[in-house]
Amino acid sequence: GQQLNQSPQSMFIQEGEDVSMNCTSSSIFNTWLWYKQDPGEGPVLLIALYKAGELTSNGRLTAQFGTTRKDSFLNISASIPSDVGIYFCAGQLNPVNNDMRFGAGTRLTVKP
Amino acid sequence: ETGVTQSPTHLIKTRGQQVTLRCSSQSGHNTVSWYQQALGQGPQFIFQYYREEENGRGNFPPRFSGLQFPNYSSELNVNALELDDSALYLCASSFGQGKNTGELFFGEGSRLTVL
Chain A
138 GQQLNQSPQS MFIQEGEDVS MNCTSSSIFN TWLWYKQDPG EGPVLLIALY
188 KAGELTSNGR LTAQFGTTRK DSFLNISASI PSDVGIYFCA GQLNPVNNDM
238 RFGAGTRLTV KP
Chain U
20 ETGVTQSPTH LIKTRGQQVT LRCSSQSGHN TVSWYQQALG QGPQFIFQYY
70 REEENGRGNF PPRFSGLQFP NYSSELNVNA LELDDSALYL CASSFGQGKN
120 TGELFFGEGS RLTVL
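Quick note, the sequences are listed as chains A and U, same order.
Position 66 of the first sequence, counting from 1, maps to 203 under the numbering used here, and the rest follow consecutively.
Position 28 of the second sequence, counting from 1, maps to 47 under the numbering used here, and the rest follow consecutively.
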């Protein structure tokens, strides 16, 4: 099936630093989304992107839908301890159903 | 606004048994999707239900089946459990029309252990 390659697998950063993670695929997606999962909980939607080239912000988070529709990145500025968690990219193949393909996640650790 | 709720939160079964997991969707949402999340992996799409019918299925065998009820709640049934079925099963609700069908609202999941 269509795989999403998410990198890096893990990051250890100091509080206040900026973070960047990305997702690439060999397939074209109609929609790119970024989710965050805390331990013992389900993923929570952070940002949804619908058009190639679209750049969208949500507070300290910024994400972009790549122009080729095969990639996306997520930036977090001025990280804080509550940013700790696993970040997943997801691509939606078909808007009719929710056949979403998820990356394997980027585990973020923020040191105070 | 009521969020997505799943039950049970944890359960242990043995190989060959059957399991039923339940999900109540967020109010206002008419679509439910089920995902399997193995340890250290991203969620994998099992299937979606819209208007009480299966509306898309991932690469899972027929022993994974589901139902959606008129109130949009849903069940996931797994027969003949195998050890590899051990995972977190996530239910996600959404509004099944328009461009934002991919905006999923997940429950906390049901963690299944198969011994």
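It is worth saying that the hints were derived from the structure and are not from the lab.
Check before you lean on any hint, since a few could be wrong.
Partial list, computed: chain A residues near chain U (C-beta under 7 Å) [said to hold, decoys possible]:
hint	residue
1	L170
2	A185
3	D236
Don't be surprised by glycine CBs; every beta carbon is placed ideally from N, CA and C.
Hints, one by one, checked against the model:
1. L170: Since the shortest Cβ distance to chain U is 6 Å, the answer is holds.
2. A185: holds (5 Å)
3. D236: holds (5 Å)
Of the hints listed earlier, there is not a single one the structure fails to meet.
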